[in-house]
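K.L.:
Here's the letter readout for the chains.
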Amino acid sequence: MNRAVSVARMQLINKWTFLGIPALIIAASFALTYAIWLIVPNNVETRYSGASQAVVWYFLALGIQSLTYTFPFSQAMSVSRRTFYIGTTGLFAVVALAVSLLYFVLGRIEVATNGWGLNGQLYFLGWAADSPAAVQIMFNFLVMLALYMTGFWFATVYKRWRATGMLVVWILIAVVLVGLMALAGWQGWWPQVGAWFADQTPLSVSGWTALFCAVLGVGSYLTLRRATP
Amino acid sequence: MNTPTPPPVIELTNVTKRYKDTKAVDGVTLRIDGGKIYGLLGRNGAGKTTLMSILTAQDPETSGDVRVFGQHPYENDAVLSRMCFIRESQKYPEDFTPAQAFKAAALFFRNWDQDFADRLAEEFTLPLKRRIKKLSRGQLSAVGVIIGLAARAELTFFDEPYLGLDAVARQIFYDRLVEDYSRHPRTIVLSSHLIDEVANLLEHVLLIDHGRIILDDDAENIRGSAATVTGEESKVAEFTAGRKVLHQDRLGSLASVTLEARLGAADRAKAADLGLELSPVSLQQLVVRKTMTAPAGSAGVEAPAATDPSELEVAP
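Same order as they appear, the protein sequences are chains A and B. Read in my numbering, the first sequence has 160 at position 160, and its numbers run on one by one without any break. Read in my numbering, the second sequence has 1163 at position 163, and its numbers run on one by one without any break.
None of these hints come from the bench; they were simulated from the model. Idealized CB from N, CA, C, for every residue including glycine. Hints should not be assumed to be uniformly reliable.
Simulated restraints, written as ranges between beta carbons of each label pair [said to hold, decoys possible]:
no.: 1; chain 1: A; residue 1: R82; chain 2: B; residue 2: D1118; range: 28 to 34 Å
no.: 2; chain 1: B; residue 1: D1118; chain 2: A; residue 2: K15; range: 18 to 24 Å
no.: 3; chain 1: B; residue 1: D1033; chain 2: A; residue 2: W161; range: 46 to 52 Å
no.: 4; chain 1: B; residue 1: R1131; chain 2: A; residue 2: A198; range: 50 to 56 Å
no.: 5; chain 1: B; residue 1: E1088; chain 2: A; residue 2: Y48; range: 41 to 47 Å
no.: 6; chain 1: B; residue 1: P1185; chain 2: A; residue 2: R82; range: 27 to 33 Å
no.: 7; chain 1: B; residue 1: R1110; chain 2: A; residue 2: T201; range: 49 to 55 Å
no.: 8; chain 1: B; residue 1: H1184; chain 2: A; residue 2: L32; range: 55 to 61 Å
no.: 9; chain 1: B; residue 1: D1166; chain 2: A; residue 2: L32; range: 38 to 44 Å
Can you build the whole structure from these sequences, using the hints too?
P.N.:
Structure below.
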């Protein structure tokens, strides 16, 4: 376990890549959105912005980089694949949780200040406003974790099977998606599918995302177990 | 501790690593008791790096039994944490500086000596604050050498550590290696092409060819295990009759024949009578001769203990 903590500390030796850039993205996305709201005055209706998503998407890149940059080095540091996996994914789960908490607090400030005094909505999850605070935090956390694990798993597949692996994975994903759509069309399930999506609540979406994260997590670990530096 | 004697540092039983249709390591059975500087010698592609990768669990074996400190090393942090293996083409995290790489090494190697690392960096004139991706090939090798030395792991592998290092830097490496090894005894496995340069450091030699260990002996034993006989052709032939010949050269009526034999006082007297000159064979010469005769199958090579019919197909 100590060595897993050491892996997390190793990932943070160069703070710029894994902490500096996300912090800069958060600050810049807020500053730019705020500037735009100032430039285009409008105090009548709520103005939505998706800029807060920027750092969420960056977790995809974090997943790719944390594997690609440091896995071969961790092997030279005599760290087992399991320990590398636990230390690395554990660290970024903590980072994702920290960002989710920050976003929750910013969302509260946003509401309290009437949208930063400009009637804007950047952090507050309007559609999940009725859910408990924990669900709102959990939702952001799980989305970031899912993107992180997606990046991590793709990078692991590439590390292990190179371009051939990527090709096979993408073809498989496409075949499965097309197959499901064909099945739904053929069986006339589209109305039910639409109804199912409409029925989802913030809590159930979080649940599905958690399941997705778990599948990616197990898949990544099994792929990494036989990867070579 | 129940057992009075610890298990050998390395114990391999019939270990094979197969990549598609080639065997990079082919049925190796090997026991290393440790506490020495071992030379792992062999040509490019002979299987040196693969063997070290298997021992450090960076690459799993296809079959056979691998024991390091008595345990299987794969995914075994208890065993791994006692070893250090910096590859010849080691990759470092993007944007890391040597100072940061050393900081990471300090987290994982419990015997890490930061002062030693700093002194070595100074001797190798390594810029500690420059990004590793901007270092020259020699400086990059220096980073690996410093980690390998300062980690003071119980079992340390150096895989052709001198790539791009100039003669002075290589000498610094050899000197510090021997110095530090005598102060902190441990097991060191040094894989190298520059056999003449490292010959004096090595206490034990492992020669690998086509994935098989063809020589496993004390350096001291090996030094006396071969000799070159030079003189008139017919006299040389008389002397060498019935002995294992590793190599022969002819120039006019002169012949020079390398024998794999331990020559005793009687042999020396006979050679003197025949007017023949005896000269020692350097480790490098011996390795070259043994490797060149090995694929032919018979001359001077003992058959491995476990033979199987498939070994005839390993020639590339």
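K.L.:
Take the hints in turn and mark each one as holding or not.
P.N.:
Now the hints, each set against the structure:
{"no.": "1", "hint": "R82(A) to D1118(B): 28 to 34 Å", "result": "holds (33 Å)"}
{"no.": "2", "hint": "D1118(B) to K15(A): 18 to 24 Å", "result": "holds (22 Å)"}
{"no.": "3", "hint": "D1033(B) to W161(A): 46 to 52 Å", "result": "violated (39 Å)"}
{"no.": "4", "hint": "R1131(B) to A198(A): 50 to 56 Å", "result": "holds (52 Å)"}
{"no.": "5", "hint": "E1088(B) to Y48(A): 41 to 47 Å", "result": "violated (55 Å)"}
{"no.": "6", "hint": "P1185(B) to R82(A): 27 to 33 Å", "result": "holds (31 Å)"}
{"no.": "7", "hint": "R1110(B) to T201(A): 49 to 55 Å", "result": "holds (51 Å)"}
{"no.": "8", "hint": "H1184(B) to L32(A): 55 to 61 Å", "result": "holds (56 Å)"}
{"no.": "9", "hint": "D1166(B) to L32(A): 38 to 44 Å", "result": "violated (51 Å)"}
Hints 3, 5 and 9 from the earlier list are contradicted by this structure; the remaining hints agree with it.
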